[in-house]
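Colleague: Throw the hints in and build the complete structure from the sequences for me.
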Amino acid sequence: MKQKISHIRNFSIIAHIDHGKSTLADRLLEMTNTVAKREMENQLLDNMDLERERGITIKARAVRMNYRASDGESYTLNLIDTPGHVDFNYEVSRSLNACEGAVLVVDATQGIEAQTLANAYLAVDANLEILPVINKIDLPSAMIQKCKDEIEDVIGIPAQDCPAVSAKMGTNIQDVLEHIVTDIPAPEGDPDAPFKALIFDSNYDSYLGVVINIRVVDGSIQTGDRIRLMNTGAEYDVVEIGVMEPFGLQPCAKLSAGEVGYITASIKNIGETKVGDTVTLASRPAESPLPGFKDSHPMVFAGIYPADGARYGDLHDALDKLQLNDASLHYEPETSIALGFGFRCGFLGLLHMEIIEERLEREFNLDLITTAPSVIYQVKTRGGETVMVDNPSRFPTPDEILEASEPIVRANIISPSSYVGGLMDLCQDRRGVFIDMKYIDTERVELHYDLPLNEIIYDFFDALKSRSRGYASLDYELKGYEPSKLVKLDFLLNGEQVDALSFIVHEEKAYARARKIAERLKENIPRHQFEIPIQAAIGSKIIARETVKALRKDVLAKCYGGDVTRKMKLLEKQKEGKKKMRQLGSVQVSPEAFMAILKLDNDD
Amino acid sequence: MIELSWFSHLKGPLGVYIHIPFCLAKCKYCDFCSFPIPPGSVPDAYVDRLIEDIEDFGLKTGRPEADTIFFGGGTPTLLSVRQWGKIMEQLSRSFRILPGTEISTECNPATADRALFSELKSLGFNRVSIGMQSANDDELSLLGRVHRNEQTVRTVRDAYSAGFREINLDMMFGIPGQTKDSFEHSIRTACSLPVTHISSYALQLEPGTPLEAHRNEYVFPDDDQVADMYDALCSCLSELGYERYEISNFSIPGHECRHNLKYWTGAPYMGFGISSHSFLDRTRFFQPSDLDAYLTSAAGYQTEEELTPERFCDELLVLGLRLTRGVSLSDISRRSGVDALARYGTQIDTMRKQGTVDLSEDRLTIQPQYMFISNSILDDLLPDR
Numbered sequence: 005m006k007q008k009i010s011h012i013r014n015f016s017i018i019a020h021i022d023h024g025k026s027t028l029a030d031r032l033l034e035m036t037n038t039v040a041k042r043e044m045e046n047q048l049l050d051n052m053d054l055e056r057e058r059g060i061t062i063k064a065r066a067v068r069m070n071y072r073a074s075d076g077e078s079y080t081l082n083l084i085d086t087p088g089h090v091d092f093n094y095e096v097s098r099s100l101n102a103c104e105g106a107v108l109v110v111d112a113t114q115g116i117e118a119q120t121l122a123n124a125y126l127a128v129d130a131n132l133e134i135l136p137v138i139n140k141i142d143l144p145s146a147m148i149q150k151c152k153d154e155i156e157d158v159i160g161i162p163a164q165d166c167p168a169v170s171a172k173m174g175t176n177i178q179d180v181l182e183h184i185v186t187d188i189p190a191p192e193g194d195p196d197a198p199f200k201a202l203i204f205d206s207n208y209d210s211y212l213g214v215v216i217n218i219r220v221v222d223g224s225i226q227t228g229d230r231i232r233l234m235n236t237g238a239e240y241d242v243v244e245i246g247v248m249e250p251f252g253l254q255p256c257a258k259l260s261a262g263e264v265g266y267i268t269a270s271i272k273n274i275g276e277t278k279v280g281d282t283v284t285l286a287s288r289p290a291e292s293p294l295p296g297f298k299d300s301h302p303m304v305f306a307g308i309y310p311a312d313g314a315r316y317g318d319l320h321d322a323l324d325k326l327q328l329n330d331a332s333l334h335y336e337p338e339t340s341i342a343l344g345f346g347f348r349c350g351f352l353g354l355l356h357m358e359i360i361e362e363r364l365e366r367e368f369n370l371d372l373i374t375t376a377p378s379v380i381y382q383v384k385t386r387g388g389e390t391v392m393v394d395n396p397s398r399f400p401t402p403d404e405i406l407e408a409s410e411p412i413v414r415a416n417i418i419s420p421s422s423y424v425g426g427l428m429d430l431c432q433d434r435r436g437v438f439i440d441m442k443y444i445d446t447e448r449v450e451l452h453y454d455l456p457l458n459e460i461i462y463d464f465f466d467a468l469k470s471r472s473r474g475y476a477s478l479d480y481e482l483k484g485y486e487p488s489k490l491v492k493l494d495f496l497l498n499g500e501q502v503d504a505l506s507f508i509v510h511e512e513k514a515y516a517r518a519r520k521i522a523e524r525l526k527e528n529i530p531r532h533q534f535e536i537p538i539q540a541a542i543g544s545k546i547i548a549r550e551t552v553k554a555l556r557k558d559v560l561a562k563c564y565g566g567d568v569t570r571k572m573k574l575l576e577k578q579k580e581g582k583k584k585m586r587q588l589g590s591v592q593v594s595p596e597a598f599m600a601i602l603k604l605d606n607d608d
Numbered sequence: 013m014i015e016l017s018w019f020s021h022l023k024g025p026l027g028v029y030i031h032i033p034f035c036l037a038k039c040k041y042c043d044f045c046s047f048p049i050p051p052g053s054v055p056d057a058y059v060d061r062l063i064e065d066i067e068d069f070g071l072k073t074g075r076p077e078a079d080t081i082f083f084g085g086g087t088p089t090l091l092s093v094r095q096w097g098k099i100m101e102q103l104s105r106s107f108r109i110l111p112g113t114e115i116s117t118e119c120n121p122a123t124a125d126r127a128l129f130s131e132l133k134s135l136g137f138n139r140v141s142i143g144m145q146s147a148n149d150d151e152l153s154l155l156g157r158v159h160r161n162e163q164t165v166r167t168v169r170d171a172y173s174a175g176f177r178e179i180n181l182d183m184m185f186g187i188p189g190q191t192k193d194s195f196e197h198s199i200r201t202a203c204s205l206p207v208t209h210i211s212s213y214a215l216q217l218e219p220g221t222p223l224e225a226h227r228n229e230y231v232f233p234d235d236d237q238v239a240d241m242y243d244a245l246c247s248c249l250s251e252l253g254y255e256r257y258e259i260s261n262f263s264i265p266g267h268e269c270r271h272n273l274k275y276w277t278g279a280p281y282m283g284f285g286i287s288s289h290s291f292l293d294r295t296r297f298f299q300p301s302d303l304d305a306y307l308t309s310a311a312g313y314q315t316e317e318e319l320t321p322e323r324f325c326d327e328l329l330v331l332g333l334r335l336t337r338g339v340s341l342s343d344i345s346r347r348s349g350v351d352a353l354a355r356y357g358t359q360i361d362t363m364r365k366q367g368t369v370d371l372s373e374d375r376l377t378i379q380p381q382y383m384f385i386s387n388s389i390l391d392d393l394l395p396d397r
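Chains as they are written, first to last, in our numbering: chain Z, 5 to 608; chain G, 13 to 397.
Since the hints were derived computationally from the structure, they do not count as laboratory data. Among the clues, some could well be false.
[What the hints assert, rightly or not] With a Cα cut of at most 27 Å, we get these calculated BS3-like pairs of lysine-lysine:
no., chain 1, residue 1, chain 2, residue 2
1, G, Lys40, Z, Lys573
2, Z, Lys577, G, Lys365
3, G, Lys192, Z, Lys553
4, Z, Lys553, G, Lys365
5, Z, Lys582, G, Lys365
6, Z, Lys562, G, Lys192
Modeller: Given below as structure tokens:
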């Protein structure tokens with residue numbers, strides 16, 4: 005049965021991490037009988053193991069629900085679930101653009117946090133009707149009224165009548181559904197205009213090919229139509245259209261203005277169906293694409309190598325497979341003298357990088373060595389060229405550089421005011437430039453800093469959490485490039501430079517960082533039969549040095565009849581252990597040594 | 013289970029090991045199989061069972077030749093003279109004991125006197141190994157040793173005056189609180205006694221021992237300090253005329269322990285008593301450590317490993333390189349049937365260049381300064397599986 009456009013509601017749920025977005029979604033599915041109680045499982049929309057474990061949403065998903073409201077009418081509710089993390093801001097903004105409203109979930113015990121704000125602003129930018137929902141009212145420390153006041157003061161939207169719920173206990177869920185129907189406007193759109201739809205996500209199905217998730221803005225589409233993607237210009241014949249149900253796809257004959265659904269068209273490469281692009285019909289194209297499309301560019305780069313060089317091919321296949329479903333993952337082969345064959349991978353951010361690493365290790369059973377993450381530097385050389393450097397080992401030498409620039413982000417930190425001192429020290433220490441500070445209320449402060457991205461990608465988030473006992477939250481957006489005194493720090497083991505350990509650092513921090521990393525390397529390189537000097541260098545100048553002393557005791561003192569078997573086993577075990585080591589010239593290094601240089605703030 | 017008749021074709025001569033799993037008290041570092049008993053109360057049932065096993069072996073294998081006999085423990089010197097006599101009598105019935113056979117026993121200070129040594133001498137014993145461990149009484153009590161240094165001195169004198177000319181002292185280093193100086197003092201004290209042989213081991217913390225359970229209460233010398241002690245041991249003993257012939261064993265030239273050399277050269281040996289290990293015909297087997305099962309004759313020998321030719325070759329190499337004289341590659345090839353040069357040649361070439369091993373003619377040795385990191389050298393040498 006075709007739904008009238010006035011009876012459709014398209015909405016997202018947005019929230020700070022752990023404020024209960026996925027649990028609320030579960031309850032809505034249950035309440036609308038979209039999913040029978042016996043089929044229900046927690047975080048139903050987060051169907052990746054990783055999403056469930058970490059309690060985050062990585063991939064957007066949409067689901068259609070039917071709801072009979074208290075006015076006696078039946079409504080179609082399309083919930084578009086979005087990732088909540090700053091790394092995926094662009095994806096979030098596209099998902100929001102497919103909606104007319106957003107349910108803003110706020111944890112009654114925590115109040116507004118950085119991502120609450122960031123997501124609320126995105127929703128405001130997308131002209132959405134925001135429906136605040138106070139969650140976790142079952143907890144003794146819930147402060148419902150305070151939360152409502154905060155939403156009104158900080159975001160500036162009315163919140164006094166908003167639903168206060170416990171998604172966990174299933175309290176007041178009906179109230180949320182009613183508000184969705186009454187508060188969120190029905191979509192507008194001209195069913196007779198040329199077809200125009202927004203791609204808010206796409207995923208790969210090995211049987212259907214790419215499944216494009218769309219929100220129809222104007223017009224309608226049917227099976228057999230020829231579609232055109234307006235930004236890429238590519239054309240395809242539609243094989244199937246339909247709507248999304250919790251456990252799969254439901255084909256239908258036609259999708260019209262205001263509806264949310266999917267298209268398949270035997271598309272092999274997900275890279276061709278970019279999030280934010282506009283779908284139209286080749287026979288009767290729309291005049292102009294929907295605004296806001298941009299190609300998403302990776303911000304963080306790292307070398308990923310198989311711990312066992314023989315598994316390079318497996319790593320390649322694994323990356324190919326992940327990319328089928330994740331167009332924002334970039335990679336190209338690179339070779340390191342130290343690590344052999346691997347890939348330089350580009351990610352939207354650190355979380356994205358961690359997710360990819362974890363999925364490679366878990367879903368493809370790979371042991372990886374990952375080099376320190378890097379950003380893209382822009383270097384003007386004395387030869388008059390401007391080069392973009394995503395791999396520290398290709399950074400020009402000091403005498404070749406005319407001017408180097410690095411990406412700067414505008415960071416928004418929200419924290420209880422008692423931690424502000426420590427956080428300002430941290431930002432200062434990470435070369436941050438203070439912009440302003442605002443009190444959200446008497447206890448909470450919003451801090452704005454401009455920070456070099458390369459200071460954020462190591463361990464900034466961990467440091468932020470440890471200095472605020474986990475209370476501070478962070479959000480940031482790229483501001484642009486600024487000139488900076490950058491140098492490349494190289495490391496030499498036993499006199500040989502190890503390319504995979506090089507990284508870029510601000511001149512002022514080079515010495516301290518060099519000393520610290522040299523110490524860390526010393527801790528992570530086992531003693532060898534010979535002494536190993538560890539040197540840190542800028543160009544040809546050595547700025548720090550440590551020494552791994554030669555091994556002096558490694559022996560089974562006693563070896564009589566009863567010890568032989570044990571001795572042979574011990575040697576075998578030792579040999580197994582050695583296999584995991586990486587041979588860097590004459591030195592063997594554990595894969596952990598590479599991680600060690602990432603963790604600088606641990607004992608600060 | 014091992015069927016002893018498998019070994020009926022054995023060609024000797026064998027080494028024979030007898031395990032006496034009883035001590036006056038258990039030392040704090042010891043994870044050997046031993047049970048505390050009062051003096052003079054080794055159960056006859058244990059001795060009877062030993063004798064049964066020796067007899068059974070002799071019958072099933074046709075009384076093979078033996079040229080070394082070693083009593084270890086535990087503290088074998090807790091046996092009564094009568095028990096010693098019965099065991100020795102059975103050994104000579106079940107083995108053809110060759111002239112000049114080395115017959116040793118381990119002995120703890122304060123468990124043997126002049127009279128016992130004379131008895132042992134008349135039973136044919138010609139070597140004793142005494143657990144001195146240290147000349148420092150504080151170190152001894154920390155280790156849970158029941159003796160004091162003056163008792164060591166007296167025990168050595170008693171053995172010597174009873175006619176023993178092959179005397180070994182076991183020494184230990186790496187003891188909590190021990191310094192290089194106190195260790196060197198212990199070594200010099202040991203060498204001031206009429207001894208021909210010194211074994212010296214770094215203390216190893218074994219799981220399940222009291223010392224390990226309380227390890228946080230002690231300050232153990234670190235690996236560098238232990239290595240310093242080992243270096244001091246080698247130079248001190250060399251100065252005093254004792255030559256290192258194995259990583260932890262030193263002797264006046266010509267006075268090496270022939271029984272222990274069998275372990276390091278892959279020669280055949282047969283063990284009796286609980287937790288004893290045997291190696292015959294490329295098969296390693298053992299008697300489980302369960303005393304009750306042993307006494308009720310419920311236990312029998314169990315296989316530990318049957319060596320493939322490659323594994324046997326690796327063992328000959330690993331064990332042989334404990335000796336300063338090293339191994340002859342042609343010898344281990346012949347004995348194992350594996351071409352040792354093909355198996356280790358590439359690694360040997362690299363390692364010779366690095367200077368960790370030497371190969372002259374066909375004899376492979378670990379360079380002296382790398383003896384104390386021999387595990388890491390062997391690691392380089394063994395082929396990948």
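Colleague: Next, verify each hint and record whether it holds.
Modeller: Hints, verified against the model:
1. The straight-line distance between the Cα atoms of lysine 40 of chain G and lysine 573 of chain Z is roughly 26 Å, inside the 27 Å bound, and the hint therefore holds.
2. A distance of roughly 26 Å separates the Cα atoms of lysine 577 of chain Z and lysine 365 of chain G; the hinted pair therefore holds under the 27 Å criterion.
3. At most 27 Å may separate the alpha-carbon atoms for a hinted pair to count; lysine 192 of chain G and lysine 553 of chain Z meet this at roughly 20 Å.
4. At roughly 21 Å between alpha-carbon atoms, lysine 553 of chain Z and lysine 365 of chain G fall within 27 Å of each other, so this suggested pair holds.
5. A threshold of 27 Å between alpha carbons decides the hint, and for lysine 582 of chain Z with lysine 365 of chain G the separation of about 21 Å falls inside it, so the pair holds.
6. Between lysine 562 of chain Z and lysine 192 of chain G, the direct Cα distance comes to roughly 20 Å. Compliance with the 27 Å bound is thereby established for this hinted pair.
Going through the hint list in order, the structure satisfies each hint without exception.
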